[in-house]
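Number of protein chains: 2
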Amino acid sequence: MQRYFLEEDYTAKEQYEVVGEPYHHMVRVMRMTPGNQVYLVFANQVSIVAEISGITESAVCLVEKEKEQQEKELPVAITIASGYPKGDKLDLIVQKGTELGAAGFIGFPAKTSVVKWDGKKLAKKQQRLEKIAQEAAEQSHRQVTPTVALLDSEKTFIQQLTQFDMIVIAYEESAKQGEVSQLAQILQTVKAGSRILAIFGPEGGLTPAEVEQFMAAGGQPCGLGPRILRTETAPFYLLSAASYQLELLKVSN
Amino acid sequence: MQRYFLEEDYTAKEQYEVVGEPYHHMVRVMRMTPGNQVYLVFANQVSIVAEISGITESAVCLVEKEKEQQEKELPVAITIASGYPKGDKLDLIVQKGTELGAAGFIGFPAKTSVVKWDGKKLAKKQQRLEKIAQEAAEQSHRQVTPTVALLDSEKTFIQQLTQFDMIVIAYEESAKQGEVSQLAQILQTVKAGSRILAIFGPEGGLTPAEVEQFMAAGGQPCGLGPRILRTETAPFYLLSAASYQLELLKVSN
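Line order of the protein sequences matches chains A and B.
Using our numbering, you'd call the opening residue of the first sequence number 29 and step up by one each time.
Using our numbering, you'd call the opening residue of the second sequence number 29 and step up by one each time.
Next up, chain A with everything else stripped away, as it sits in the complex:
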């Protein structure tokens, strides 16, 4: 069933009117007719199953059939911060990271980042990534579309670190030294609702100076198992491990 994200908050209504792009998609692309059902996802994270009751020149009218029952969002909000990697790896990180439950994505120029993007390029790139996140959120049945912020300096990034309850640093040297238990300890004790930032270096890794700065802001270096993961693979590991610990293990124990 198709899934549409609306900008308004949910309030109980006899009828919902959908206009603009989702209208276009329902009527012109999917050629929906009265009786068809869709998911409507509201800005305040409520999602409902709704049935089309009528279609006008500019709006689709829908009535609520039921609330969507299942919780689709990770119990903690994990933001993935990536030192700008090469090529279109950020596209892959945002697409797969959205499917795997990330709350947001931050890009920043790390010391060893090869690419240099100016303001205009960053704005264009951010728009593209927001679209990728939106599509992946719809496809994976998310209740939230992750945010995307591409920063133009590492200083700005460091200033934002205080917004998080917990900072995890994926540090290759931790993996090489066989550090394996830090992430498990964090995920086993984290409180629901926590805002976690997970920082990943670009291909060349984070420099010891960068790791020191992030640690000074409260960051904890973590290994992600004994194998060396590429910069775009490491976030998938972290998000999957979080889901396994918080959504699968918690339920089965």
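In case anyone wonders, no lab produced these hints; they're calculated from the structure.
There could be a bad hint or two in this list.
For chains that are exact copies, the list does not tell them apart, and a pair is met inside one copy or across any two.
Calculated pairs, DSS-like style, for lysine-lysine (alpha carbon to alpha carbon, straight line, at most 27 Å) [to be verified]:
1. K152 / K183
2. K41 / K144
3. K95 / K117
4. K100 / K219
5. K93 / K278
The model shown is predicted, which means the values in this text are computed figures rather than measured ones.
Take the given structure of chain A and dock chain B to it, following the hints.
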């Protein structure tokens, strides 16, 4: 440090001679000289740190400095079976799956697979995927290069199911129905050394008839969390969850 996979088994020797492609890479590509160190990974999964003692016209001579200490391989052997997906998604599955620790990959034509590959095409594709697996194994510091087998019929695939100790079926309907604990139960109780097969459908999913066949062979349908994962993302989740449970949690508890 560079990592080279050799076809011979490890036996203690005063000197190791490397010829052929790894010779070419050490001498011509990396321009190594006596005194440089590399990892040598032998066919029987022993890996050593070795130092170049001399270089001839056709061979690099090396002496063992020490055994590689850290265990890099998952304690269970997980084979990823993918119903042929579209485009080059299998490339991504093999590359990232190798980083994440898969023991092998099987491709098979599932009922809803759109692509139809004949014998010649399959042989070429398999060669390409073997090269991707090899490169990812070197890059991620694996001790084994995963196997790749592309099958030309689903019947052949089903005949191979008996080779495994345990079969996990990633089934979207399980996820939709909120099944969340099966995978956790399996990973918490699996014995070290087990051969696990994890089956993933193509974009269109597995049909109920296919799932029934796999279940008749002992397969257990599992959800992979509440979000709907794309066909190429689901194996990353499963392998990461296995590493988290068997390599991170096991150590920290």
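Quick rundown of the hints versus the structure:
In this assembly of identical chains, the alpha carbons of K152 and K183 lie at most 27 Å apart only when taken from the same copy (21 Å versus 48 Å across copies). Within a single copy, K41 and K144 get their C-alpha atoms no closer than 49 Å, and across copies no closer than 49 Å, so neither meets the 27 Å cut-off. Taking the closest pair of Cα atoms, K95 and K117 never come within 27 Å of each other, the shortest separation being 36 Å inside a single copy and 35 Å across copies. Only within a single protomer do K100 and K219 lie at most 27 Å apart by alpha-carbon distance; the minimum there is 18 Å, versus 31 Å between protomers.
In this assembly of identical chains, K93 and K278 lie within 27 Å of each other by CA distance neither inside one copy nor across copies; the values are 31 Å within and 45 Å between.
Going through the hint list in order, the structure does not satisfy hints 2, 3 and 5.
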